[in-house]
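Colleague: Each chain, letter by letter, is given below.
2 protein chains.
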Amino acid sequence: MAGKSRVSDAVVRRLPMYYRHLRELEKAGVVRISSQELGERMNLTASQIRQDINCFGGFGQQGYGYHVSNLKERIAEILGLRHQYHVIIVGAGNIGRAVANYAGFPKEGFNVQAMFDVSPALVGIDVHGILVQPMEKLQTWLDTHNVDIAVLAVPKSVAQEITDQLVAGGVRAIWNFAPVDLALPEGVAVNNVHLSDSLHILSYRMNEKELCEALDAGKQLGE
Amino acid sequence: MAGKSRVSDAVVRRLPMYYRHLRELEKAGVVRISSQELGERMNLTASQIRQDINCFGGFGQQGYGYHVSNLKERIAEILGLRHQYHVIIVGAGNIGRAVANYAGFPKEGFNVQAMFDVSPALVGIDVHGILVQPMEKLQTWLDTHNVDIAVLAVPKSVAQEITDQLVAGGVRAIWNFAPVDLALPEGVAVNNVHLSDSLHILSYRMNEKELCEALDAGKQLGE
Chain W
1 MAGKSRVSDA VVRRLPMYYR HLRELEKAGV VRISSQELGE RMNLTASQIR QDINCFGGFG
61 QQGYGYHVSN LKERIAEILG LRHQYHVIIV GAGNIGRAVA NYAGFPKEGF NVQAMFDVSP
121 ALVGIDVHGI LVQPMEKLQT WLDTHNVDIA VLAVPKSVAQ EITDQLVAGG VRAIWNFAPV
181 DLALPEGVAV NNVHLSDSLH ILSYRMNEKE LCEALDAGKQ LGE
Chain E
1 MAGKSRVSDA VVRRLPMYYR HLRELEKAGV VRISSQELGE RMNLTASQIR QDINCFGGFG
61 QQGYGYHVSN LKERIAEILG LRHQYHVIIV GAGNIGRAVA NYAGFPKEGF NVQAMFDVSP
121 ALVGIDVHGI LVQPMEKLQT WLDTHNVDIA VLAVPKSVAQ EITDQLVAGG VRAIWNFAPV
181 DLALPEGVAV NNVHLSDSLH ILSYRMNEKE LCEALDAGKQ LGE
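These protein sequence lines are chains W and E, in that order.
Taking my numbering, the leading residue of the first sequence gets 1, the next gets one more, and so forth.
Taking my numbering, the leading residue of the second sequence gets 1, the next gets one more, and so forth.
It is worth saying that the hints were derived from the structure and are not from the lab.
Take every hint as true, because none was put in to throw you off.
Which stretches of chain E does chain W cover? Using the computed rule of at least three CB atoms under 8 Å from a CB of chain W, they are:
#, segment
1, 17-30
2, 80-86
3, 90-100
4, 103-116
5, 169-179
6, 197-204
Now the in silico label distances, taken between C-beta atoms and shown as ranges:
#, chain 1, residue 1, chain 2, residue 2, range
7, W, Glu24, E, Glu26, 40 to 50 Å
8, E, Glu26, W, Glu161, 16 to 26 Å
9, E, Gly129, W, Thr45, 38 to 48 Å
10, W, Arg23, E, Gly29, 47 to 57 Å
11, W, Lys156, E, Ser157, 26 to 36 Å
12, E, Val30, W, Arg23, 42 to 52 Å
13, W, Arg23, E, Tyr64, 50 to 60 Å
14, W, Thr45, E, Gly29, 47 to 57 Å
15, W, Lys156, E, Asn43, 15 to 25 Å
16, E, Gly104, W, Ala10, 22 to 32 Å
Derived contacts from chain E toward chain W, CB cut-off under 10 Å, selection only:
#, residue
17, Asp9
18, Arg13
19, Glu77
20, Ile149
21, Val190
22, Val193
23, His194
24, Glu210
25, Leu211
Being a predicted model, the structure only gives us computed values, none of them experimental.
We treat Cβ as the ideally placed atom computed from N, Cα and C, and that holds for glycine.
Same shape as in the complex, but just chain W:
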């Protein structure tokens, strides 16, 4: 992808955090903020903040800091939040329903238009104004609509197969909640929410101190 390496993954991961904090500052009526103050809020150094923002051309003035609303708008633009997206949700279990119920998404242009599930117990229910359709209807939907984003909230065993169907049907991005790394063609975006990975990182952090002390003492693991 042309120019893809320009922005590192670490910076991309921080962008939504900038957006959140700037939105809160704007709401609180703050007009300008220095990289120092923004860094303190976000647990980053001032130089890290300046470096991150410089990836996109830099929007501060030496000695004046950043204009909160302007910087927020630029970051919203960078994050693609100034478009409208046609979203479908595949899988109407707890996760699928949680996404459908998330009040903030429509305001940001993420418009859920349809939900699908295999379970007869879920087909026909109304989730936040969206009727859950049977999975057999998915193909017809893809044939007749331009879907930007599919939320994949299905069991691991069927995740790749459904993904292939979605990609063949023209879906541009998969928001993947299945605990599997999907194979995708170039040009289809993906971001994973791997709940169990996240819990494992938490348990790592709970035990990190002990682990590092053992490693520092030269102990071999598994001994």
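For chain W, the structure is supplied; the task is to place chain E on it using the hints.
Modeller: Using the frame of chain W, we list chain E on its own:
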């Protein structure tokens, strides 16, 4: 934290992915794997794999690759997956219920013992064998149990206040689903699942090519 800087965040984030892939390899009957082959599966270079694993002392033999089951066990140990954890879930909405229903967690030692919610519509319901209790009972639970992990699945507006209560009650780790960065004392672990951040990263990736081409062409954003 002593020795904390030993392992970078990027490596920690990859550990659960190693664990998942090694578990699948083990299930498929694979006994040994080279860093090359493991790298291809995980979209990493062989040298990246060796470097990651060397952070923890390295468990391979030159020319023989890694023993799949051994390496999986060592990584499980590093991730703290060989302990039993007492888990409570605060907030019994879709997210809280999704976590409670996640069949894999008890097998890994994460045992949900109680759920709490403010909503009269949710108090008293049974989620995967756990009765949802009213929030007023949380303090009594904390006073009478050693809670390792609290799953925080509540609105942003009350997240910090409940966190303070949990920390004062001796909770060692917070798995945070509220869209806010919590203030926590040293020694309390946290990992965030910020759904809206994740969706923003996805929309960034959908628009990355265009954005980077514009930046490469020297265009200023917001013009």
